[in-house]
Amino acid sequence: MNDPSHMSDSSNQPAGRLASLGPLPTAARVGVVVSLLHEKSDAANFARLLHGRSVLSWTLARAARVEGIERVVIVCFDDQVERAKSVASATEADVVSVGERRAMPQMDSVTIARRWSDGWRGGPMGASGFDRGFDAPAGLTVCDRFQLSDLIWVDPASVLLDADVLTRLIKHAADRETMPLLFTQAPPGGAAPMLRRTLIEQLAPRRSHPGLLLSYRPERPGVDPIGSPACMRLLPQITRSTQNLLADSTRSIRAIETAIPATDLPLISMEQAIGRMDAVARCTHAPRALTIELTTRRATRAIFRPAVDQHPNISRADLSIETLIERLGRLDAIDDLRVTLAGVGDPILHPEFERVIKAIHHATRGTASVAVETDLLSMEPDAAKTEALGRRLSQCGVDVIAIHIPAVGRATYAEVMGADRMNEMLGGVRAMLAGRGGSQLPLVVPMFVKCRVNQHEMEAWYDQWLTAVGSAAIVGPSDFGGLIEDVGVVDMSPSVRRACVRLRERMTLLSDGRWAICERDAAGVTRLAEGTLAEVWGKTRGTLEAQRAGLFSGVCGDCREWFRP
3 MNDPSHMSDS SNQPAGRLAS LGPLPTAARV GVVVSLLHEK SDAANFARLL HGRSVLSWTL
63 ARAARVEGIE RVVIVCFDDQ VERAKSVASA TEADVVSVGE RRAMPQMDSV TIARRWSDGW
123 RGGPMGASGF DRGFDAPAGL TVCDRFQLSD LIWVDPASVL LDADVLTRLI KHAADRETMP
183 LLFTQAPPGG AAPMLRRTLI EQLAPRRSHP GLLLSYRPER PGVDPIGSPA CMRLLPQITR
243 STQNLLADST RSIRAIETAI PATDLPLISM EQAIGRMDAV ARCTHAPRAL TIELTTRRAT
303 RAIFRPAVDQ HPNISRADLS IETLIERLGR LDAIDDLRVT LAGVGDPILH PEFERVIKAI
363 HHATRGTASV AVETDLLSME PDAAKTEALG RRLSQCGVDV IAIHIPAVGR ATYAEVMGAD
423 RMNEMLGGVR AMLAGRGGSQ LPLVVPMFVK CRVNQHEMEA WYDQWLTAVG SAAIVGPSDF
483 GGLIEDVGVV DMSPSVRRAC VRLRERMTLL SDGRWAICER DAAGVTRLAE GTLAEVWGKT
543 RGTLEAQRAG LFSGVCGDCR EWFRP
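Each residue of the sequence shown is one higher than the one before, counting from 3 in the working numbering.
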């Protein structure tokens, strides 16, 4: 049950007007840190405009309204100082540089992880919405320079930061002096965590991030932190929201500008902002996620995927570079696209795999985040070739490598994957991890497709891989609209059918150049218009509207996964 004393005030009043809270604590010296360290020098949030004003300036103005803070400090590199100062002057924020721009592998990996997660926690590497731009040594520098005991770490794109909630968090923390991390279950951009100096000191030697304290770790069993006193409870409409309130892309800025006029932006509460954002259609000008199938060839015959020899209608030629470039077209207006190379076949078996990656980066001007879903096996059993594939993957320029490892034991692996090649695959994983050198990129995410025949190994598998590589994902199987047998443990689809949540933000390109309604339409049953990604996306919005009217045709009529994000 929610504690009413920690609920956000929904009235449209200046954030920070909280007479009901009583006097704020005086012992602690709290500062707000806005970090630009994860931003490229040419794409920092002071360069993004929201209602004609820089995103960073909106964030600083919201942060300045928090009561009980000593200072607002921007942390950045030398090449960001002058522009940061020009924005900071309006709110009297301080600017602290950590020196010349340098590689920060841990921070880079967290930044990539957050590109693949919209929620406030639960992303790869245990990264939460609190972690982007976090650097413990920089935090200690700020604490020392301004004699601060606690820091509220704010993402620079938090234009809807609720100062009311953060003022309450300071009050909440005053009665919990021994707790190193205080937080709320708020959508990214709506709130921020409070970190004690003692915690920052512990994180600094490991170059770690605070979100790990909020995620499940096998080596640190215990109750979920959201059930502890460290979590300040908010209204259900806030904690259950699926919104992301950060203004960190062209898409999110358009949505905020549509939902919230500039006159309302300075004072609107997080609760009100969520309500207005829920009423705005997302992904209207372009998809958020794009699946590209490069080939239908695969070295395994997994029980959770259609096989070409059993379903000849899914046998297609490899995707050519020319067709890929033509279908992608110009994607200048999309700066947050997630591209997953997957499909019926294994993308790493495409003969021009590296060229495909380069073509995608060129079409999106390097702004797309690219993931590869693979079995990590060569077409024929050959340990040396598989290891070479692993090394090749580690240097190919993708952000995430998701590897199908649906078992702990060799026998279960062979039963699920239809190939007794687990040891060979693990050799490829070792070669790939070694090929990264000292970097943590690309992120490696083992995937476990939960089926009836392997569910008994799921918990042990999760703990094993989370400990080994820091990330692991458990996903449900698909029957691809009735194309293959359902091997899932139980049917999770709700009793009442609604419009598919996937269609709001996804599209799929098959290897023969045809567009499919989604990645589950392996046979390309639902015919879509021809053209570039932008052209087809605009023409196929009618499918979603038809489903909202209760009309389900093609592969969608037999789909039982319409509720899954």
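No wet-lab data here; the hints were simulated from the structure.
In this text, all values refer to a predicted model and were calculated from it rather than measured experimentally.
Be aware that one or more of the hints could be misleading.
DMTMM-like mimics (lysine to aspartate or glutamate), calculated; alpha carbons at most 25 Å apart, straight line [what the hints assert, rightly or not]:
1. 173 / 203
2. 452 / 146
3. 452 / 324
4. 173 / 72
5. 452 / 280
6. 452 / 465
7. 360 / 426
8. 387 / 338
9. 42 / 465
10. 541 / 203
11. 42 / 324
12. 387 / 356
13. 360 / 417
14. 87 / 120
15. 173 / 69
16. 42 / 102
17. 87 / 72
18. 360 / 311
19. 541 / 338
20. 452 / 226
21. 360 / 324
22. 452 / 338
23. 360 / 110
24. 541 / 507
25. 387 / 422
26. 360 / 422
27. 42 / 120
28. 387 / 354
29. 387 / 375
Hint by hint, where does the structure go against what was stated? Just the numbers, ascending.
2, 3, 5, 7, 8, 9, 10, 11, 13, 14, 18, 22 and 26
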